[in-house]
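> So you can see what is in the structure, the chains are spelled out below.
Protein chains: 2
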Amino acid sequence: MTTLCKPATFYPEHLANADDIMTVIEICHPDSPYKQRAFEMIQNTEVKNRHLILPLTEVVKLGDFGARAARYKDAAIDMAETVAREAIDNAKLDKAEIDMVIATSCTGFMMPSLTAHLINRLDLPNETKQIPIAQLGCVAGASAIGRAFEYCQNRTNSNVLIVCVETSSLCFHKEANRLQDFISDALFADGAAAVVMRGDSQVPGLKLINNQSVTIKDTMPYIEYDITHQGFKFSLDKEVMHSIPHVAPYLQSFCRRSLSRDANQVDSTIFHTGGKRILDELVRCLSLEPEMVARSRACLAETGNTSSVAVIDVLKRTFDSARRGDASLLAAFGPGFTSEMSVGVWH
Amino acid sequence: MTTLCKPATFYPEHLANADDIMTVIEICHPDSPYKQRAFEMIQNTEVKNRHLILPLTEVVKLGDFGARAARYKDAAIDMAETVAREAIDNAKLDKAEIDMVIATSCTGFMMPSLTAHLINRLDLPNETKQIPIAQLGCVAGASAIGRAFEYCQNRTNSNVLIVCVETSSLCFHKEANRLQDFISDALFADGAAAVVMRGDSQVPGLKLINNQSVTIKDTMPYIEYDITHQGFKFSLDKEVMHSIPHVAPYLQSFCRRSLSRDANQVDSTIFHTGGKRILDELVRCLSLEPEMVARSRACLAETGNTSSVAVIDVLKRTFDSARRGDASLLAAFGPGFTSEMSVGVWH
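Top to bottom, those sequences are chains H and X.
Counting in numbering that gives the first Met the number 0, the first sequence runs from 0 upward without gaps.
Counting in numbering that gives the first Met the number 0, the second sequence runs from 0 upward without gaps.
For reference, chain H alone in the conformation it holds in the complex (with noise of 0.2 Å):
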């Protein structure tokens, strides 16, 4: 009887829209040859604001992995601190109630872990169990609710804590020029979330039935980093773009195993919001009404991609339309290409 309690956000203060990184594109690239098609590109992503660490001025001036690491342990243990205390409230436990803190985050590194920093910072239990992941991208947080899932099955007194934070402005390369690059920059960005499980059902929530991974053969290329001494770089390859038609068939089993239905007769859908594309994609391959992908749209629209805490945003988002017996389907989606997956019903 696992629940899903309601997560918690945070949006750090510095904004950048649209018109802001076609500015910088236009001064660090002014001979670019993608520039126009950049430009063009940038204007259809739907993205309306991104919520940055640092104004973007400071941002092109980042130096190496060493100063952007600095910059995102400071960042990323406060964000991380801010939601976690607030989803701990949000599912009326007390900190010495939580078992296990599940941190994801692939925008910077930092050991000891996120996790051992927030055991510090909130004072949980020195018998909190962690799993620090940073290599799964955009799916991890999902992959974190599919884990927590698993370890609370069984566990009706467990709690689990998932905090994602992403600093996403911190993997800017100024003298990157591929056209992609001009993309990634204009649709990561940077923020916080975090959600308890609780494995028992005693607040209103997600209570979750399922979960399935699946992970795509010979699509490692879709989405990887480039590793520079700068850090990590985000590498977009165009065929991400077909990527769905490959998991779709998975979300539809998985729909009809889990739920007795198919994946466009689920009350709600909450879908990380990888870009504009990926969730036309879903509308399409899912044959999904319009309408369900809006939480995900105007999570992009507000926030940008900001990784893996834009799936506990899309949930954070559901819980005030939710209808008790409302059943939802949980997706996110990154490097592998790995998909997560998970079914739950609202009480």
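Please note that the accuracy of each hint is not assured.
One copy or any two copies: either way a pair holds, since identical chains are not told apart in the list.
[As the list claims (entries may be wrong)] Below 16 Å or equal to it, Euclidean Cα-Cα: the simulated EDC-like pairs (lysine to aspartate or glutamate) are:
1) K72 / D225
2) K216 / E126
3) K232 / D63
4) K47 / D18
5) K5 / E85
6) K275 / E238
7) K216 / E290
8) K72 / E223
9) K34 / E174
10) K275 / E39
11) K5 / D319
12) K34 / D18
13) K275 / E85
14) K216 / D122
Just so you know, these hints were derived from the structure itself, not from any lab.
Given chain H's structure and the hints, the job is docking chain X onto it.
Structure of chain X alone, referenced to chain H:
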């Protein structure tokens, strides 16, 4: 009825002994005030040999994080595949019977993760769940065992593949000249290990009974990574030498609670080979017979500290001498300061 099956290990071909690393320090830091002290300490480490993926002459020429990451990716995937295949064979399983793959590796970074690469290389089922862990350092091997145990506990038909891969040589920083840097250069080493946890007890092995995580608060600086344009760099505080007295009471009470006996009454210990002092302290704090850490000492002497790999190596060494009914305490220690412990009975 979860069972740790017989592990597989792999060590790369290049060797470095204490003399070799002292020569490197002599050449790179001829005027260091710490040189003589470092040489005394290095001769006292009890590390006779270390295996590296590159000859030391190449290690000292390593470039920035990008160049290291490229080396890492090639070496890590190949080593991981080698040990994973052998571990699956040892478990008398077909690849199609693997449900989850946990990969631990803190000495390099790639996205998609090693777990996704293993799903492709080994042709594991598309539905294989992934837990890639980078930030748990030396405790990660035992942490993977803990997470696999929790997953398999109520899933007797499930099997988890655990793969640990480390390329510590790729974290060598030529210009690093603190005393602790010289000790790290002489202690950490490369290697890979894999083990399958079966949800049943159809093959001989260590049947796990219980597990626990412990993170000691306010000990974060004991083991950290400095992050530079060259990537990850070990940073050991000398306080880490005083870490075991914090953890020993947890190990003791964990043994009493799980096995109704003291830690020094188990039949064998399977300890991560952190270093000579860590093993000495375990003997002292838990009143162990010195012979009880002999396998960990042998692992340290023959392979150095291979971070997450070492505890799986010591588990493998324990396989040959374990008798049915013997009880073992398995534990490792890493950044946080975090310890992961399990107990089991051989069958």
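> A separate judgement is required for each hint: does it hold in the structure or not?
Status of the hints after comparison with the structure:
In the homo-oligomer, the alpha carbons of K72 and D225 lie at most 16 Å apart only across protomers (11 Å), although the nearest pairing inside one protomer, at 21 Å, exceeds that limit. For the homomeric pair K216 and E126, the shortest alpha-carbon distance between copies (11 Å) is at most 16 Å, but the shortest distance inside one copy (37 Å) is not. For the homomeric pair K232 and D63, the shortest alpha-carbon distances inside one copy (12 Å) and between copies (15 Å) are both at most 16 Å. For the identical chains of this complex, K47 and D18 are intra-copy neighbours only, at 10 Å inside a copy versus 61 Å across copies, given an alpha-carbon limit of 16 Å.
Taking the closest pair of Cα atoms, K5 and E85 come within 16 Å of each other only inside a single copy of the chain (9 Å); across copies the shortest separation is 44 Å, beyond that limit. Taking the shortest Cα distances, K275 and E238 sit within 16 Å of each other inside one copy (15 Å), while across copies they are farther apart (51 Å). Taking CA atoms no more than 16 Å apart as the test, K216 paired with E290 passes in neither setting, with 31 Å inside one copy and 47 Å between copies. In the homo-oligomer, the alpha carbons of K72 and E223 lie at most 16 Å apart only across protomers (12 Å), although the nearest pairing inside one protomer, at 23 Å, exceeds that limit.
In this homomeric assembly, K34 and E174 come within 16 Å of each other (Cα to Cα) only inside a single copy, at 14 Å, whereas the closest approach across copies is 41 Å. Within a single copy, K275 and E39 get their C-alpha atoms as close as 14 Å, which meets the 16 Å cut-off; across copies the closest is 61 Å, which misses it. With identical chains, the CA atoms of K5 and D319 are at most 16 Å apart within one copy only, with a shortest distance of 10 Å there and 51 Å across copies. For the homomeric pair K34 and D18, the shortest alpha-carbon distance inside one copy (13 Å) is at most 16 Å, but the shortest distance between copies (56 Å) is not.
Neither within a single protomer nor between protomers do K275 and E85 lie at most 16 Å apart by alpha-carbon distance, with minima of 30 Å and 44 Å respectively. Only between protomers do K216 and D122 lie at most 16 Å apart by alpha-carbon distance; the minimum there is 8 Å, versus 42 Å within a single protomer.
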